[in-house]
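Please construct the entire structure, taking both the sequences and the accompanying hints into account.
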Amino acid sequence: MSLWEYANPVKFLGLSARLQPYLWAAAGLCVTVGLVWGFFWTPDDFRQGSTVKIIYLHVPAALMAINAWFMMLVTSLIWLVRRHHVSALAAKAAAPVGITMTLIALVTGAIWGQPMWGTWWAWDPRLTSFLILFLFYLGYIALWEAIDDPDTAADLTSVLCLVGSVFAVLSRYAVNFWNQGLHQGTSVPVATGGRTVADVFWYPLLISMVGFGLLFLALVLYRTGTEIRLRRSRALLARSRGDA
Amino acid sequence: MIALLRRDLMLAFRAGGGFGLGLAFFLIVTVLVPFSVGPQSDLLSTIAPGVLWLGALLACLLSLDRLLALDFEDGTLDLLATAPLPLEAALSIKALSHWLTTGLPLVIAAPVLGVMLNLAPAGFIWVIASLALGTPALSVIGTFGAALTVGIKRGGLLMSLLVLPLYVPTLIFGAEAARRGAIGLDGTTPLILLAGITLGTIALMPFASAAVLRMTLR
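If you read the protein sequences in the order shown, they are chains U and A. Going by the working numbering, the first sequence opens with residue 1, and the numbers climb by one from there. Going by the working numbering, the second sequence opens with residue 1, and the numbers climb by one from there.
Derived from the structure by calculation, the hints contain no laboratory data. Careful, some of the hints might be misleading.
Rough simulated footprint, nothing fancy, chain U against chain A, three-plus residues with beta-carbon under 8 Å [to be verified]:
no.	region
1	94 to 102
2	207 to 213
Pair by pair, the computed Cβ-Cβ distance ranges are [stated by the list, open to error]:
no.	chain 1	residue 1	chain 2	residue 2	range
3	U	Ala235	A	Thr82	26 to 34 Å
4	U	Val81	A	Arg7	31 to 39 Å
5	U	Arg229	A	Thr82	36 to 44 Å
6	A	Ala3	U	Asn176	41 to 49 Å
7	U	Met116	A	Ile28	41 to 49 Å
8	U	Tyr222	A	Phe207	33 to 41 Å
9	U	Ile111	A	Ile108	44 to 52 Å
10	U	Arg239	A	Leu79	31 to 39 Å
11	U	Gln20	A	Thr82	44 to 52 Å
12	U	Leu29	A	Thr188	23 to 31 Å
13	A	Ala122	U	Asp44	51 to 59 Å
14	U	Val74	A	Met1	31 to 39 Å
15	A	Ile28	U	Arg229	32 to 40 Å
A virtual CB, placed ideally from N, CA and C, is assigned to each residue, including glycine.
Here's what the structure looks like:
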């Protein structure tokens with residue numbers, strides 16, 4: 001029994017069909033509880049007022065936007081090394097979800113920035129890197145769309161994902177160098193274990209982050225299943241055309 | 001390798017349309033800038049380093065789609081892929097010839113256009129140095145983009161979408177070095193970082209370009 005067994009599409013589909021109801025339920029529950037708790041049952045921040053509540057959308061979306069790209073990087077590597085089709089299709093399936101999360105993070109950030117910073121947009125390092133990440137997602141998706149042969153498309157997009165990751169990290173540091181930040185530091189520094197968010201805001205935020213993670217997982221499993229079935233139906237069509 | 005370089009250079013010089021087109025584009029973009037922002041000389045001198053860098057970047061981008069497309073169509077790339085010369089080396093040569101026909105003329109033309117944009121006298125040396133150091137990176141990164149999209153019909157626009165985000169670090173460091181130089185600051189730090197990016201991309205990008213080209217030709 002190893003992880004690679006699920007490289008078999010049938011096994012993968014079986015497992016994902018069994019997991020999906022629980023994932024959807026847990027994701028729905030966590031997102032609902034996190035957002036409702038965050039929006040209605042937390043006090044207003046004494047300086048930011050009620051605008052602080054957008055954090056329950058903004059932070060989880062930004063978290064998943066980066067993790068989605070990271071997941072695509074890992075699955076692209078698996079595709080290039082071991083050539084499991086499920087892996088390539090999972091990367092393809094994750095990209096639109098990732099770009100949506102990036103967009104949510106950018107838009108909610110702008111909505112929060114208008115009353116707080118007095119501007120919708122500033123050329124701050126974090127904002128700019130997210131915009132660049134958005135462009136990378138766009139290019140990745142466009143490349144998938146442009147190539148007819150599925151294997152070539154998977155190959156080329158995988159290499160683009162690897163190269164893009166290197167340049168995304170480079171851009172992150174270049175942008176840091178280029179302009180000083182307006183965006184506050186991270187609220188949940190993983191490295192030090194500490195955090196700068198008070199408990200009343202922290203628990204709903206944590207639940208919301210878990211919920212977004214589960215939601216991402218469920219969406220990717222669902223979309224990967226769709227891609228596998230789409231590929232199968234194409235193969236069946238091609239075969240029946242060949243027989244006729 | 002030298003034969004390949006000579007062939008590419010010869011084609012660029014004699015086949016028309018390739019060589020000089022990027023330069024003309026650079027000129028036109030730079031000339032259009034005063035029309036769009038107004039002729040105030042202090043404003044122009046503020047934005048001159050950035051405009052020169054952006055113009056050079058766009059001129060590089062414009063000439064990329066003919067870098068591999070013609071060779072792909074007439075089958076030269078298939079021969080190169082099966083030749084004893086590693087594809088990585090062949091693509092490095094292609095990037096070099098692209099730089100010699102596009103990047104280098106831009107570096108030489110930049111001071112002239114700098115005068116038109118009222119670039120501060122202290123900035124000339126920095127603009128030239130940063131362009132000379134940065135344009136090779138634009139060429140090798142561009143070769144990767146060209147290799148990625150060479151098999152796609154009407155891939156030109158897609159290539160711009162793929163290549164431009166990859167140009168971000170180069171542009172930031174290059175334009176920053178030129179900007180700092182132009183306002184009399186020391187631009188050595190961004191210049192060194194720019195050189196690091198150029199050397200890193202020259203060393204690594206040909207492998208990525210060759211890998212995607214093999215996937216396309218397979």
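Hint-by-hint comparison with the structure:
1. Check result for the region 94 to 102 of chain A against chain U: violated, 0 residues qualifying (beta carbon to beta carbon below 8 Å, three or more required).
2. With 3 residues carrying a beta carbon less than 8 Å from a beta carbon of chain U, the region 207 to 213 of chain A meets the three-residue requirement, and the given coverage holds.
3. Between Ala235 of chain U and Thr82 of chain A the beta carbons are some 31 Å apart, a value that agrees with the proposed interval 26 to 34 Å.
4. Separated by about 36 Å at the C-beta atoms, Val81 of chain U and Arg7 of chain A satisfy the suggested range of 31 to 39 Å.
5. A hinted range of 36 to 44 Å holds for the C-beta pair Arg229 of chain U and Thr82 of chain A, which are about 39 Å apart.
6. At about 45 Å, the beta-carbon gap between Ala3 of chain A and Asn176 of chain U stays in the expected band of 41 to 49 Å.
7. As the Cβ distance of Met116 of chain U to Ile28 of chain A is approximately 42 Å, the hint placing it in 41 to 49 Å holds.
8. At about 36 Å, the CB distance of Tyr222 of chain U to Phe207 of chain A agrees with the hint of 33 to 41 Å.
9. Here the CB-CB span from Ile111 of chain U to Ile108 of chain A is close to 48 Å, well matched to the stated 44 to 52 Å.
10. For the pair Arg239 of chain U and Leu79 of chain A, the beta carbons lie near 35 Å from each other, so the given range of 31 to 39 Å is met.
11. A hinted range of 44 to 52 Å for the beta carbons of Gln20 of chain U and Thr82 of chain A is consistent with their spacing of about 48 Å.
12. Judged by the Cβ atoms, the range 23 to 31 Å given for Leu29 of chain U and Thr188 of chain A is violated: they are separated by roughly 56 Å.
13. Here the CB-CB span from Ala122 of chain A to Asp44 of chain U is close to 52 Å, well matched to the stated 51 to 59 Å.
14. In this structure the supplied range 31 to 39 Å holds for Val74 of chain U paired with Met1 of chain A, their Cβ-Cβ distance being about 37 Å.
15. About 51 Å separates the C-beta atoms of Ile28 of chain A and Arg229 of chain U, a value inconsistent with the hinted range of 32 to 40 Å.
Comparing the model with each earlier hint shows violations of hints 1, 12 and 15; every other hint is respected.
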